[in-house]
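There are 2 protein chains.
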Amino acid sequence: MSEAAPIIEADVGPLARELIAQVRAQDTYGYWEGKPDRDLLGPFIVDRERARAMPIVGDPDPQTLTRISQFYNAVALSIERRSGVMASPVLQLSSEGFGRVVVIGGCLVLVSKTMRDAHRFGFASLERLEADGAALVEAALAAIERYPDAARAD
Amino acid sequence: MSEAAPIIEADVGPLARELIAQVRAQDTYGYWEGKPDRDLLGPFIVDRERARAMPIVGDPDPQTLTRISQFYNAVALSIERRSGVMASPVLQLSSEGFGRVVVIGGCLVLVSKTMRDAHRFGFASLERLEADGAALVEAALAAIERYPDAARAD
Numbered sequence: 000m001s002e003a004a005p006i007i008e009a010d011v012g013p014l015a016r017e018l019i020a021q022v023r024a025q026d027t028y029g030y031w032e033g034k035p036d037r038d039l040l041g042p043f044i045v046d047r048e049r050a051r052a053m054p055i056v057g058d059p060d061p062q063t064l065t066r067i068s069q070f071y072n073a074v075a076l077s078i079e080r081r082s083g084v085m086a087s088p089v090l091q092l093s094s095e096g097f098g099r100v101v102v103i104g105g106c107l108v109l110v111s112k113t114m115r116d117a118h119r120f121g122f123a124s125l126e127r128l129e130a131d132g133a134a135l136v137e138a139a140l141a142a143i144e145r146y147p148d149a150a151r152a153d
Numbered sequence: 000m001s002e003a004a005p006i007i008e009a010d011v012g013p014l015a016r017e018l019i020a021q022v023r024a025q026d027t028y029g030y031w032e033g034k035p036d037r038d039l040l041g042p043f044i045v046d047r048e049r050a051r052a053m054p055i056v057g058d059p060d061p062q063t064l065t066r067i068s069q070f071y072n073a074v075a076l077s078i079e080r081r082s083g084v085m086a087s088p089v090l091q092l093s094s095e096g097f098g099r100v101v102v103i104g105g106c107l108v109l110v111s112k113t114m115r116d117a118h119r120f121g122f123a124s125l126e127r128l129e130a131d132g133a134a135l136v137e138a139a140l141a142a143i144e145r146y147p148d149a150a151r152a153d
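As you go down the protein sequences, you meet chains A and B in turn. Going by numbering that gives the first Met the number 0, the first residue of the first sequence is number 0, and it counts up by one from there. Going by numbering that gives the first Met the number 0, the first residue of the second sequence is number 0, and it counts up by one from there.
To be clear, the hints were calculated from the coordinates, so they are not data collected in a lab. None of the values given here were measured: they were computed from a predicted structure. Hints may contain errors.
Partial list, derived from the structure: chain B residues whose beta carbon lies under 7 angstroms from chain A [claimed, not checked]: (1) L76; (2) R99; (3) Y146.
Covered stretches of chain A, as calculated for chain B (at least 3 residues, CB under 8 angstroms) [what the hints assert, rightly or not]: (4) 73–80; (5) 88–98.
Where a beta carbon is used, it is the ideal one built from N, C-alpha and C, also for glycine.
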């Protein structure tokens, strides 16, 4: 866990649990082995203090790109778990941290977000992470309900 | 024009014309100024001889990434021109040339392609480029016709 990451006190919701599973599944070198679930989420939390320490302009480093990808994978898996629609993220980021992320299910766009300042990616708190993730999942489920045929098309 | 690029003899179709417009619009340094349209397409053509000279495994260089992006921009603009649906590509490529490209219109996925060997991106001939591009456009138009509401959603 990065030393700058704050200690997380809040309860872990379903989105965060999905995220923890993502991080553990990709932990090829056993870096997180034996460490508590909560610690894994630390790097995703960018509170005011950490945000202040980050440069305004910058390139996202590989760890940040991995976290962005893990977060949207967790969103995609949460959508899939609740709808049965297989969802997958497509992430386009320029080296300056500008870009777009979409999550696709069938031929339906379930999530579409423009990104900027990707090098500062994170959430003010664990509650924020959970709420932002849940909002994306709920919007995706509403889209699937609205366009069920497109969401289930090959 | 790259020296390895073959001379193009065939007629230029609508997709290739869109592509030429793309390349000229992004020609910030005037590299293509005063050069004939056909020459611009040379680097997109990877015939048997050029393909043989390329490494089997490799990272796509920035020029190749630009060409991939220009080709899918041309596809997106062709879709837009014929349907009125604003289309935009989202391109995710790993450094090993694996990835996925989607073209999105409204909340509909108009094109979705898995990419591999992106460093070898190109078409066997200008006819191939035109035909492959046109096939993507036609499939997108069919999807719009099938899911008109999703394609026109915000």
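Inset, instruction - Compare the structure with the hints numbered earlier in the document and write down the numbers of the violated ones, lowest to highest. - result: 1, 4
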